[in-house]
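Listed below, chain by chain, are the residues.
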Amino acid sequence: MSFMGKGTPPVDDPQDILYADRVRVYPKSVHGPVRRFKWAVLIVCLTIYYVLPWVRWNRGIGRPNQAVLLDIFHERFWFFNLEFWPQDIFYLTGLLIMGAVALFLVTSLFGRLWCGYTCPQTVWTDLFMWVEREIEGDRNERMKRDSGPTDFDKIWRKGLKHTVWFAVAFWTGGAWIMYYVDAPTVTVEFWNGTASTPVYLFTALFAATTYLLAGWAREQVCTYMCPWPRFQAAMLDEQSFTVTYEAWRGEPRAQGKRLPGAGGDCVDCGACVTACPTGIDIRDGSQLECINCGLCIDACNHVMERTGRPGWLITWDTLADQAAKAAGTHVPLRLIRPRTITYLSALVLAAAVMIIALALRPGLGLSVQHDRAPLFVTLASGDIRDGYTVKIVNKSPTQAVFEITTQGLYGAMLTEANEQLGPAETLGLPVPGDSVGTFRIMVAGQPAALVDGSQPIDFSLRDTATGEVTVYHSVFMGPVRRR
Amino acid sequence: MPTKIEKDDVTGQMTTGHEWDGLQELNRPLPKWWVYVFMACVAWSMVYFVLYPSFPGITGYFHGVIGYYQRDAVDADVAAIAQQRAGAMDRIKALSFADIRKDPQLLAVAQTAGRITFAENCQPCHGAGGGGNLGFPALAAGNWLWGGKLEDIQQTVTFGIRSGLDDARNSQMPRFGADAILKPAEIQAVADYAASLFDLPSTGTNLAEGKRVFAENCAVCHGDAGQGNREVGAPKLAAKTHLHGDDRAAILAQLNNPRMGVMPNWNARLDAAKIKSVALYVHSLGGGE
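Quick mapping for you: the protein sequence lines, in order, are chains F and L. Under our numbering, think of the first position of the first sequence as 1, with each following residue one higher. Under our numbering, think of the first position of the second sequence as 1001, with each following residue one higher.
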């Protein structure tokens, strides 16, 4: 038993090879509507990625003027008009849920569009392949040079290719950092050597991963590293509109024969295989490695045009329609199915919850936590006193005074232990700008109805500057009253 | 060991030769780079194996060539943190309470140090958050025996109560019953009177006799109206809560053979900065004056 086999996976090899050499993929360039669309998506995605950190957004004095800034050091996420604090992290959860459900929906409708067009792995691989093609030439030229001797032509072309790859990777890693620190500042600091160590470290890290994943790993990432292809089958069904080979009119393949009626439309030229960025044969049907990019469609259409056969032998279609066409009929595209309805409702629900939560997001942040021990103390006067930890979020850039008071407890008197405020029915609590104020508030009073030792109490907070009010429902505890 | 490697009819792929109750697996060869990455990880782990403590022996273990020892690492971390805190703790020790209060950052350090010190030393008796227990004062309630100002608390924590030190808080309640200072009937009467001071239901006795006994024996420390006296640590009787219980039986027990708790002098265990910190923390629990 050979541990390490050479060559292609052993479909017909009697040897049981457990580890196989990687088969180099040399995708051939194609031209056509699908390729044009893919270029357009690539340009939009990359433009957003590289340009977005440079977009400025005026938020007033003392605040960053970068439109999108994930400021980890100051624990703020700025997104145009929105400002997120660490306690808003659940919006990220909502966003991730929406992302996942949207991915399910799109996949069940149109197959792996994400994989084929917008996944960063695909976009950067496409970019790196374009660089490679511009410098080293198309498929045949590259294959010939790779198998040929190491001469000056090979060295300078390979050298130039890797230099450009490094430059693109470096630019990509640098742009990543700009989402976390002010872009113009960090650019200057990076070059005069005053940027922080993490900036250099992360730029190098993301440059290295970009270079490795887009330049070298490519389809291996999709096939062996990414979990998504492994469970895509669960989202796809016979109604999914995916890249499909029309076997019913393609077969039997008629290599070299061009006589009408002498065989199927497929001339077995292999154009679809050589164009494939993952190196598979779409004519074998939907498979794990297929990222649904459709470049094989453009490749095949050219051949169909030259051989005088009807185009779109490889096309976008559903398995159901293909089966119907094989039988001479036609099944219309069914976009509305139980599966898509489920995904769409989940998406709409998640989006609605997010939008409502965002729209109703209070400018005032108040949280009140009852002490865990002691639950209450009895005072010499017989009054009951409970302790609370009160946190007030001041999102304005200047110090503000917040008035806190309670409802629901007879004769409630509030004191603040550390600031030595009170006792009073209402306390004015100062909170510095852009920060969270933490206070220890004691509430003493005579509880009226302590069912099971507790009764509801509301804390209401008023921003004295804006007049905005928010209420927090809590409990007041005391001894269980003897009956 | 694989025994029956054969071609799968459906896929045309070879099987691995493994079989479990008739289930076989197809051989989809992994890419070689994958196994190289795996081997690199194994090699990397060998570096750790040599550098760090890794292998048990009969009498000890292989210490690793760089001599890393986890206890040393912890000690170094603790020393580094102590170094980092030294400045703040020195300032807490040197500054007055009022000055500490003026510096919010220093106050926050003191509050944190106090909270941790309290949890490690005071909480077993006084309860989490100073909630108190029978016989152990509820610090959060503010019904102080010896005073609730920061300086009072600092004094009490430093020297303790009945700790045997000269500067300790000292007081003694006479054993009116056990030493036969009062007659049993007088004790019953004064117990009724004491109960009336905090509105316990009357047992129908003549309070005048109890009031007389109280004025002659108790008022000198506890005050004419049972308002207590912090100079001598005499509890306020005219309150809804009491150190040793709130019913008539508890009053009788204290009259006959009083319990008098002891608090250790914490200067034997805590440094001045920590005592000040714990005083600030206790003061902030709600009872501070």
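Warning: the hint list may mix true and false statements.
Quick list of in silico lysine to aspartate or glutamate cross-link-like pairs, EDC-like style, CA-CA up to 20 Å [as the list claims (entries may be wrong)]:
(1) Lys395(F) with Asp452(F)
(2) Lys391(F) with Asp452(F)
(3) Lys158(F) with Asp182(F)
(4) Lys154(F) with Asp182(F)
(5) Lys1032(L) with Asp21(F)
(6) Lys391(F) with Glu289(F)
(7) Lys1032(L) with Glu289(F)
(8) Lys395(F) with Asp88(F)
(9) Lys1149(L) with Glu419(F)
(10) Lys1149(L) with Glu416(F)
(11) Lys395(F) with Asp21(F)
(12) Lys1240(L) with Asp383(F)
(13) Lys1102(L) with Asp463(F)
(14) Lys28(F) with Asp138(F)
(15) Lys1102(L) with Glu419(F)
(16) Lys1007(L) with Asp284(F)
Hints in this document: simulated from the structure, not taken from any laboratory.
Hint check:
no.: 1; hint: Lys395(F) with Asp452(F); in the structure: violated, 38 Å
no.: 2; hint: Lys391(F) with Asp452(F); in the structure: violated, 27 Å
no.: 3; hint: Lys158(F) with Asp182(F); in the structure: violated, 36 Å
no.: 4; hint: Lys154(F) with Asp182(F); in the structure: violated, 41 Å
no.: 5; hint: Lys1032(L) with Asp21(F); in the structure: holds, 6 Å
no.: 6; hint: Lys391(F) with Glu289(F); in the structure: violated, 52 Å
no.: 7; hint: Lys1032(L) with Glu289(F); in the structure: holds, 18 Å
no.: 8; hint: Lys395(F) with Asp88(F); in the structure: holds, 13 Å
no.: 9; hint: Lys1149(L) with Glu419(F); in the structure: holds, 15 Å
no.: 10; hint: Lys1149(L) with Glu416(F); in the structure: holds, 16 Å
no.: 11; hint: Lys395(F) with Asp21(F); in the structure: violated, 58 Å
no.: 12; hint: Lys1240(L) with Asp383(F); in the structure: holds, 9 Å
no.: 13; hint: Lys1102(L) with Asp463(F); in the structure: violated, 25 Å
no.: 14; hint: Lys28(F) with Asp138(F); in the structure: holds, 6 Å
no.: 15; hint: Lys1102(L) with Glu419(F); in the structure: holds, 10 Å
no.: 16; hint: Lys1007(L) with Asp284(F); in the structure: holds, 19 Å
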